[in-house]
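Participant: Sequence:
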Amino acid sequence: MATDTLKSTSSADSATGGLRRLLLDNGALTALIVLVIAMSALSGDFLTTDNLLNVGVQAAVTAVLAFGVTFVIVSAGIDLSVGSVAALSATVLAWSATSHGVPVLIAVLLAVVTGIAAGLVNGFLIAYGKLPPFIATLAMLSVARGLSLVISEGSPIAFPDSVSHLGDTLGGWLPVPVLVMVVMGLLAAFVLARTYIGRSMYAIGGNEEAARLSGLRVKKQKLAIYALSGVFAAVAGVVLAARLSSAQPQAADGYELDAIAAVVIGGASLAGGTGKASGTLIGALILAVLRNGLNLLNVSAFWQQVVIGVVIALAVLLDTLRRKAGATPVAGASQGGKGRQAATYGLAAVVTVAIVGATSFLHNGSSSTANPKVGLSLSTLNNPFFVQIRSGAQAEAKKLGVDLTVTDAQNDASQQANQLQNFTSSSLGAIIVNPVDSDAASNSVKAADKAKIPVIAVDRGVNKASVDALVASDNVAGGELAAKTIGEKLGGKGKIVILQGQAGTSAARERAQGFAQGLKAYPGIQVVAQQPADFDRTKGLDVMSNLLQAHPDVQGVIAANDEMALGAIKALGSKAGTSVSVVGFDGTPDGLNAVKDGTLYASVAQQPSQLGKIAVDNALKALEGKKVEETIKVPVKVVTEENVAGFTG
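Start counting the sequence shown at 896; every next residue gets the next number (the numbering used here).
Rather than coming from a laboratory, the hints here were simulated on the basis of the structure.
From the three backbone atoms N, C-alpha and C, an ideal C-beta is built for every residue, glycine too.
Mixed in with the good hints there might be a few duds.
Claimed, not checked - Only pairs whose alpha carbons sit at most 30 Å apart, straight line, appear in this in silico DSSO-like list of lysine-lysine:
1. 1359 x 1341
2. 1522 x 1293
3. 1384 x 1465
4. 1345 x 1521
5. 1434 x 1384
6. 1359 x 1465
7. 1528 x 1491
8. 1268 x 1491
9. 1532 x 1522
10. 1347 x 1532
11. 1345 x 1465
12. 1521 x 1268
13. 1293 x 1465
Stated by the list, open to error - For each label pair, taking beta carbons as the anchor points, the in silico distance ranges come out as:
14. 995 x 1195: 42 to 48 Å
15. 1107 x 1004: 33 to 39 Å
16. 1415 x 1030: 31 to 37 Å
17. 1347 x 1440: 48 to 54 Å
18. 1209 x 1068: 55 to 61 Å
19. 944 x 1204: 27 to 33 Å
20. 1412 x 1322: 43 to 49 Å
Start from the sequences and build out the full structure, keeping to the hints where you can.
Facilitator: Following this line, the structure appears as structure tokens:
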């Protein structure tokens, strides 16, 4: 009896330990299953074919970047430059094919060569220059991004139609980016498991000195490893640009962090020696499912960043626990191990399908909300102007009984494309979009049009796509007004500087165009400097401080928004409002207060709250099948100390 009891206890302990080891060895897969089940239970829009394909498309670019980063992390390195290299490669392709007539095939090869070159420079600096990988790739991050801006002159470049098909679908339903992701994933898995360089990565990451003493040419291998990372970054950049129909100089900004997070979440260790392509794919899918699901659940974009940060921290904690528990390393596996791994994935798929199928009954037959649903995708919420658009839209939506979902693209055209895809695949009745870039939003708007969802553009139009209405002020006309205001204030002559907006955005281009046109009427006005300050107050302060060193006798400043104008005022100190006149743009609350104080001479006010209000009104009309005007212009107004008291915004 005692023996039976002992065997029973031992079996139970063995089963518990086996389950614990299984969960630790497959923590990322377990997390993905839990996320899919949770999102399926919480949102009836999650478990649809269209939305699941959206998740795949949204994971594609991050996954391809992350496959390349996997090589680097397995070898105990890091690559912070992949996002910038992706943007540079896409820019080289678009620039060579459209501006210089290079055949598309050769242009694609040039893009890949650009990625290889960037990777080789990284590898050379690390292997032969003895620079830490963090420093070398951080330098390349800045160099590649700068070259992208130089080549494109800060503006998006249209992508060749033959390459833009990479952003389309096959058979009308299977997205090409997903196919590219699968192909690149299989290639990464083959390199890691079946090639000499793949085995070298694990050896270098496990113990670089031991690898060198065993005869491995570590320096040359590092060159090859970083070159491979550059190739994958180039492919990711081409796929991303194809989705946006244009090469954006600011594309993939911050994607290196997502790529590294995907690799770590997938089970790789930053200490090197472990990692696999399948884990990286799961990590990228986790990030995509999180963002997609949180968008569908109308979770604030700010909280989404918090959630993703927590997930990354938990992934690293799980890696630590796995090591302490002596879990199976993920560097490689025997044939038996691979068989067990395949069985694990198969079992996970069966369990997921069964539970998700059960949770789908929670949504079957459920009554939909009586309120009409509208989605609002804003280019950013880090700018008071767009916060006011949101406030006006939310107030009007509450008044009209509209269920309004607001997302923040954080000035990332690809992130906005993802959000618009999510809107299209969910049960929204209408979409309001404030494009990060007018060209980049076109494919997403076309998809909404195809799904017969009304689209209202606010503040900026959408090129090469049909919208039901455009609610906007005229940025070019506003720029001309700003130029006229400063020209009249200075009596038609004097030295001024212009603080430009973020390169590559429609608003920055249009306002700069208006400034230039308006200043033609004042030949006595000399523009001594023009520099971008990215619509940011801190950058406005720094840029203006630098410009004052070279041009201390400046008499006027035009800023493409009030935030930069307020930064310039801080740099000018007592000169602001006395010897130097500053004109801003947008009419934000802080800007209007500065006008009252006399430090800001004028602001070209766009009445952003009215933009949001009118956009919601017209979205509801379009949703109900009523006729809406194609263009609704909200007049801009120059606000000075004389009329600021009566201006309500």
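Participant: To test your reading of the hints: which numbers does this structure violate?
Facilitator: 6, 8, 10, 11, 13, 16 and 18
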